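Respectively, the protein sequence lines represent chains A and B.
Be aware that the first sequence starts at 1, since it is given in the numbering used here, and climbs by one per residue.
Be aware that the second sequence starts at 1, since it is given in the numbering used here, and climbs by one per residue.
Derived from the structure by calculation, the hints contain no laboratory data.
Small disclaimer: the values here were computed from a predicted structure and weren't measured.
Where is the CB? At the ideal position from N, CA and C, for every residue including glycine.
No false leads were slipped in.
Below 27 Å or equal to it, Euclidean Cα-Cα: the simulated DSSO-like pairs (lysine-lysine) are:
no., chain 1, residue 1, chain 2, residue 2
1, B, Lys12, B, Lys47
2, A, Lys109, A, Lys130
3, B, Lys12, B, Lys46
4, B, Lys105, A, Lys42
5, A, Lys15, B, Lys105
6, A, Lys15, A, Lys42
Incomplete in silico selection of chain A near chain B, CB under 10 Å:
no., residue
7, Gly17
8, Asp19
9, Asp65
10, Met68
11, Gly118
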Amino acid sequence: MTASQIRGLPVVTVKGGEDVAEVRDVIYSPEEGRLVGVTLNKRGFLAGRSRDVLPAESIHAIGQDAVMVHDESSLVAPQDAPNEVGHPATERNVIGDDILTEGGTSLGKVADLVLLVGSSGEVVGYQIDKIGGGRGYIPLPAQLSVSGVALVVPNITEEFVQEDLVGLGAAVDEFRARMGLK
Amino acid sequence: MSETFRGSMGRKVVSRSSAKELGSVSHLLADSQQRRIAAIVIGQGKKAQLADWAQLSGFGPDAVMVVGEDALRPPADDRERAAAGGDLDLVGKRALSERGNELGKIDDVTFDADTGALEDLLVGDRRISAGTLLSSGSYAAVLEEPPEPSP
Chain A
1 MTASQIRGLP VVTVKGGEDV AEVRDVIYSP EEGRLVGVTL NKRGFLAGRS RDVLPAESIH
61 AIGQDAVMVH DESSLVAPQD APNEVGHPAT ERNVIGDDIL TEGGTSLGKV ADLVLLVGSS
121 GEVVGYQIDK IGGGRGYIPL PAQLSVSGVA LVVPNITEEF VQEDLVGLGA AVDEFRARMG
181 LK
Chain B
1 MSETFRGSMG RKVVSRSSAK ELGSVSHLLA DSQQRRIAAI VIGQGKKAQL ADWAQLSGFG
61 PDAVMVVGED ALRPPADDRE RAAAGGDLDL VGKRALSERG NELGKIDDVT FDADTGALED
121 LLVGDRRISA GTLLSSGSYA AVLEEPPEPS P
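All chains, full assembly: derive it from the sequences and hints.
Dropping the structure here:
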């Protein structure tokens, strides 16, 4: 699933079956290749921006229909959250960034983050808007540097651009093997 | 004997001590941790009252017998007020796995009329053991993953 599919999902307690918030946006760490947390909106009559945040460590699971937490105490004020969650740097948003290879070829722009299914936020690839038009997917970890406007990836990434999410699953394993990662 | 939540709705509630009819079953409040019925709700709206399961002398096919009229009490806390309003009804509630995936709506729940123990949750064409129930609230009933469908 992708980061944009998480936006708007209810945050539900495993302990009580209550929807205590909903996801406003994801907080992504490009350096670590994972979600570090999510920002929240209130539910119901009080709908609107919530001050509280949900650190990834407190996420029980991210599913198709809900983000599960143990109980309401998983939602914390920004000052009680890890700094990267409570006060995320704005340049961490990679959506719209150019993807440049080390050789200087642009592969397109980042359109969305692809999450490992069943994880609590591991990002395994990016959905991209390709230069020539159309959608594609590239595996992560790939980028060597992130600036806020562009990210630089190894040249071989170009060989791993996939047409669909199904292809990405296999590409991630092969890509990581080639990169000498796990 | 096995009973169903749906089948129990509207069943008359009678006092064992006075033989008076006190009303009818409007909701059942389940204790998801204990996986049993905690109380029955009699009547609707502001006049709704509860009777704890321990105050029943029998959950029969024709009537639910309470030991006496003084077994009926008003809701004691927010959870019981929500139950009296029907917000916690298991029937009609979305069933959510603890991994955050929706399994469908709960169509009905079976229970042991002798003990009040929940037996199975009927979700679509699946029959899921109530033993997988982790919690239930106003939004969802949360089930263990993976839910084991019974044959």
